[in-house]
Amino acid sequence: MNAPDLVAAGDAAPLLAIEGLTLERGRSRILDGVSLTLGRGETLALVGESGAGKSTIAFALMGLIGKSEAKIAGRMRFDEVDDLASLDERGWGRLRGRRIAMVFQDAGAALDPCYTVGGQLVSVLRRQLGLGRAKARERALELLEGVGINDAEARLSAYPHELSGGMQQRVMVAIALACNPELLLADEPTSALDVTIQAQIIRLILTEIRARGASCVFVLHDLALASQSCDKIVVLYAGQVMEAGPSRGILERPRHPYTRLLKSCVLEIGTETLDPPEGGVPSYGDMPKGCRFATRCPNALSRCLAERPALAADGDRLIACFNPEPRP
Amino acid sequence: MTEPLLGDAVPAAAPGAGSNGIAASDRPVFELLDVEKRFAVSRPAGFLKREKRSLAALDGVRLTVRRGASIALVGESGSGKSTLLRVLLGLAEPSDGKALYFGQPVNEVRAQSRDFARSVAMIYQDARASLDPRMTVTALIAEPLLHFGLCGREAVGERVAALLSRVGLPAEIAERYPAALSGGQVRRVAIARALAAEPTVLIADEAVSGLDVSTQAQLLNLLRRLKREMGLTLLFITHDLGVASYLCEEIAIMYLGRIVETGPTDAVLSAPAHPYSRALRHAAPEFFAPITDPLEGEIPSPLDLPTGCRFASRCPRVEEDCLTAEPILAPIAPGRTVACRHPLDAEDHPALPQITASAPAAGSPAGGAGVSA
Amino acid sequence: MAVGEASLDPSTVPAGKAAARAKKPRRKSLFLRRPFFSLALLVALGFVLCAVFAPFIAPYDPTAQSIEAMMAPPGPDHLLGTDSFGKDILSRIIFGARYALTIGIVAVLIGAGGGLVLGLAAGLSTGWLEWALMRLIDSILALPSLILAIAIIAILGQGVDKVILAVGISLVGPFSRTVRSDVLQVKTQLFIEAAHLMSIPRLTVIRRHILPNVFFPLLVQITVRISEAILVSSSLSFLGIGVTPPTPDWGLMIAEGRGFVSFAPWMSGMPGMALAILLVALAIVGDAVREEFDPKLKRAQ
Chain A
494 MNAPDLVAAG
504 DAAPLLAIEG
514 LTLERGRSRI
524 LDGVSLTLGR
534 GETLALVGES
544 GAGKSTIAFA
554 LMGLIGKSEA
564 KIAGRMRFDE
574 VDDLASLDER
584 GWGRLRGRRI
594 AMVFQDAGAA
604 LDPCYTVGGQ
614 LVSVLRRQLG
624 LGRAKARERA
634 LELLEGVGIN
644 DAEARLSAYP
654 HELSGGMQQR
664 VMVAIALACN
674 PELLLADEPT
684 SALDVTIQAQ
694 IIRLILTEIR
704 ARGASCVFVL
714 HDLALASQSC
724 DKIVVLYAGQ
734 VMEAGPSRGI
744 LERPRHPYTR
754 LLKSCVLEIG
764 TETLDPPEGG
774 VPSYGDMPKG
784 CRFATRCPNA
794 LSRCLAERPA
804 LAADGDRLIA
814 CFNPEPRP
Chain B
132 MTEPLLGDAV
142 PAAAPGAGSN
152 GIAASDRPVF
162 ELLDVEKRFA
172 VSRPAGFLKR
182 EKRSLAALDG
192 VRLTVRRGAS
202 IALVGESGSG
212 KSTLLRVLLG
222 LAEPSDGKAL
232 YFGQPVNEVR
242 AQSRDFARSV
252 AMIYQDARAS
262 LDPRMTVTAL
272 IAEPLLHFGL
282 CGREAVGERV
292 AALLSRVGLP
302 AEIAERYPAA
312 LSGGQVRRVA
322 IARALAAEPT
332 VLIADEAVSG
342 LDVSTQAQLL
352 NLLRRLKREM
362 GLTLLFITHD
372 LGVASYLCEE
382 IAIMYLGRIV
392 ETGPTDAVLS
402 APAHPYSRAL
412 RHAAPEFFAP
422 ITDPLEGEIP
432 SPLDLPTGCR
442 FASRCPRVEE
452 DCLTAEPILA
462 PIAPGRTVAC
472 RHPLDAEDHP
482 ALPQITASAP
492 AAGSPAGGAG
502 VSA
Chain C
33 MAVGEASLDP
43 STVPAGKAAA
53 RAKKPRRKSL
63 FLRRPFFSLA
73 LLVALGFVLC
83 AVFAPFIAPY
93 DPTAQSIEAM
103 MAPPGPDHLL
113 GTDSFGKDIL
123 SRIIFGARYA
133 LTIGIVAVLI
143 GAGGGLVLGL
153 AAGLSTGWLE
163 WALMRLIDSI
173 LALPSLILAI
183 AIIAILGQGV
193 DKVILAVGIS
203 LVGPFSRTVR
213 SDVLQVKTQL
223 FIEAAHLMSI
233 PRLTVIRRHI
243 LPNVFFPLLV
253 QITVRISEAI
263 LVSSSLSFLG
273 IGVTPPTPDW
283 GLMIAEGRGF
293 VSFAPWMSGM
303 PGMALAILLV
313 ALAIVGDAVR
323 EEFDPKLKRA
333 Q
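Heads up: the sequence lines are chains A, B and C, in that order.
Taken in order, the first sequence gives residues 494 to 821; the numbers are from our numbering.
Taken in order, the second sequence gives residues 132 to 504; the numbers are from our numbering.
Taken in order, the third sequence gives residues 33 to 333; the numbers are from our numbering.
These aren't lab readings, by the way, just hints derived from the structure by calculation.
Just so you know, these numbers come straight off a predicted model, no measurement behind them.
Glycine included, each C-beta is placed from N, C-alpha and C at the ideal position.
Certain hints may be false.
As the list claims (entries may be wrong) - Just some of the chain C residues that point at chain B, by a computed CB distance under 7 Å:
1. F223
2. I232
3. H241
4. N245
Put together the whole structure using the sequences plus the hints.
Shown next as structure tokens:
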């Protein structure tokens with residue numbers, strides 16, 4: 494499948510292009526033909542409910558899914574690397590942490606509790622950039638200050654558990670940004686944090702990647718947050734892309750029935766009524782052959798269950814639906 | 132709203148004034164009078180030395196829950212919401228002040244009879260952990276039914292089936308174990324179990340957090356419908372202002388062990404008076420709005436409380452007198468109170484959309500009848 | 033046995049999946065999923081049958097001596113040979129299964145019963161009582177079960193009943209420790225607080241919520257520890273302080289054959305092999321039961 498690049502059309506080749514990514518774990522097809530593109534300096538949000546495969550995509554992009562764990566088909570092109578899935582550990586060593594970095598959901602669990610914050614940061618800098626001890630320490634200090642940690646000097650010798658959740662996440666961002674990656678993957682970076690801290694962290698990530706001209710893939714479950722932080726949005730349901738394109742267009746006027754329903758479930762202050770789709774995501778054994786949302790879709794046609802709609806360009810976006818909402 | 136339902140700053144009627152005067156039914160369901168809850172903690176003070184300190188999780192909390200009210204208790208982690216809940220339920224005794232249930236101390240009422248346990252039901256955030264993993268759904272729901280003598284053994288099956296359908300669960304789920312249910316189903320079972328005792332008060336601790344939006348929406352609709360159908364008094368603890376505004380007519384915002392603002396939810400959220408309430412309001416994600424300047428810094432440790440207003444260290448409007456003495460919760464408008472020396476007024480909120488008065492809409496069509504495979 | 037029930041218990045089937053696959057072929061049965069378990073279970077059941085029907089299966093009287101067939105090697109008359117008194121080893125092994133299994137099972141039940149009482153008491157009590165009970169458990173645990181059993185035998189004297197009692201008491205320590213840690217773990221669960229909130233009386237909470245959650249892990253412990261009890265009792269007999277001759281006890285048989293190992297290895301070898309096979313089979317059964325029962329392992333699926 495050829496996924497047209499919607500935002501950076503005509504520009505140079507996108508930084509990241511995923512085509513028909515399919516991932517099977519045992520008999521469960523967790524990702525089913527996912528395609529997306531991301532230009533340089535763009536931010537993209539993967540949204541959807543649990544089981545949609547958002548985090549799986551991020552982990553695949555980070556090379557964290559072993560060949561023994563799951564069967565991966567399709568292509569993930571990153572800059573000059575033709576397919577990330579075909580890289581060996583040595584190839585990944587040159588990419589992971591240097592050109593592609595990740596901020597995890599639970600910073601408290603991702604940081605090593607046995608080493609100080611400074612120690613972890615310095616070791617990343619020394620290993621990845623080959624800096625000397627003193628130089629690395631100096632850079633570590635700069636990075637911590639850069640992510641808004643006051644009294645960075647003292648924090649260098651603190652252990653992760655001595656920091657609050659927000660501070661831990663800031664340290665994670667500092668570590669991820671240490672090598673100026675071209676692509677930052679942020680997997681629900683704020684879902685474990687309080688809202689006031691969430692705003693701090695999202696702003697921090699956006700400022701830092703903009704300053705570096707880097708691209709960012711956010712994994713989010715909050716549509717409103719996605720609209721605030723990302724240029725592009727990819728709506729996933731049970732491992733299939735439902736709708737993709739500019740976040741403003743899609744969230745202001747969702748055309749895929751799933752996007753529409755997902756948006757109608759978002760609770761804003763002053764929301765009067767909610768109209769959620771009934772039921773839940775079917776288990777992998779019960780997935781329809783066609784569109785996986787067909788079992789809950791209010792617009793479903795008889796062919797939807799049997800036949801998979803292709804992800805096709807339609808106006809400003811890509812939609813995979815036989816019966817989308819009409820174009821405005 | 133005609134009557135200030137909540138947090139009236141009028142010094143509470145002399146505690147223990149007894150039954151003369153007001154009829155019991157006019158009494159507030161719950162009343163917290165200057166409740167304080169301190170914990171003794173020890174922390175390292177040099178090599179192998181520890182110092183004992185007292186940590187105030189709740190500090191001078193005053194809250195009134197009237198019959199039929201629906202109150203959202205909002206705050207971030209460390210605000211003391213959970214401690215407040217434990218005090219209300221009689222699981223923790225206040226170090227100072229009084230926690231009253233219809234005018235009687237909660238601890239006494241709990242010890243005296245089962246009425247309190249029956250009338251006040253609780254839904255936990257971690258619904259799965261609140262259900263015995265070795266009991267089937269039927270056994271779980273039957274437990275309160277039989278314990279409170281609401282029906283005989285022979286009628287249990289019927290009652291359980293009715294409760295399951297009430298919370299939108301299919302009947303075939305009855306013989307399953309919690310481990311075999313999805314997250315949304317487990318929450319529904321917990322709700323069914325809470326409702327089995329036919330309570331008048333429902334207390335929910337983050338009952339819809341950590342779920343997918345569609346599941347969350349289904350549950351919110353369910354809770355809204357149940358509140359209406361059963362005339363429940365609802366106390367909903369949440370960190371999500373959207374949830375608060377959807378379910379509750381009133382709101383109480385907590386910060387670091389104190390209630391900083393109370394009032395009708397719509398009024399408070401469309402024109403917050405306390406700078407912290409405004410910060411919370413702005414931090415909530417909103418479609419296409421630029422991410423606003425977030426609140427700086429983090430919640431201070433309750434062990435090192437600043438003198439004066441405890442929000443002063445993060446407050447964008449801090450003035451000198453804020454640092455000297457702690458502001459008390461005082462009325463600023465009918466039904467509204469705020470603990471701030473320099474509260475915000477209407478002109479300070481040009482950016483916030485006014486929320487139209489929302490009489491909770493007459494149920495939504497979906498009504499949470501969803502059934503998941 | 034608990035195993036049969038385990039597979040019927042709906043909680044062992046991840047029912048989310050089970051329900052989803054209602055129309056699909058049923059999940060493979062326990063026996064097909066675990067071929068080793070099935071084999072081990074068959075072997076263990078074989079020993080049980082031998083024990084129950086020993087008089088009908090055994091070709092000879094296990095205590096009958098025969099001067100003609102002293103130390104006969106395995107052959108058509110005596111399948112596993114005879115010992116220095118001409119007693120048929122096969123018959124002795126078959127009758128020995130009675131002693132091994134009876135001692136193992138009864139001793140474990142004594143140990144589990146004592147452990148349950150002591151562990152529950154230690155887990156549910158507070159203050160000085162908890163402290164005292166814990167020190168008691170610690171002091172039992174300070175000695176390995178074999179040493180403790182020897183000490184008890186020294187006090188009680190020899191004999192099958194004394195061995196059972198000694199081995200049982202020696203197992204109280206380990207059982208009570210696991211029961212106590214399970215109780216402590218269950219006690220802090222939210223569903224216990226929920227029951228408390230409902231004003232359910234303390235004793236009812238213990239009976240209805242704590243006991244079942246402690247009992248199932250205990251059941252697993254029981255299957256795992258039967259082999260330990262058999263081993264300890266055989267060791268006692270081997271040391272000559274357990275069951276007295278001419279009882280056809282495996283440990284005793286191994287000890288009797290010790291002097292003749294160089295020219296009649298079957299005398300010790302055959303009962304040794306029987307012991308080894310039974311212990312391995314029980315270990316596999318115990319492991320399978322644990323994996324099927326353990327809610328933590330289940331959730332990981």
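- request: Identify every previously stated hint that the structure contradicts and give their numbers, smallest first.
  value: none
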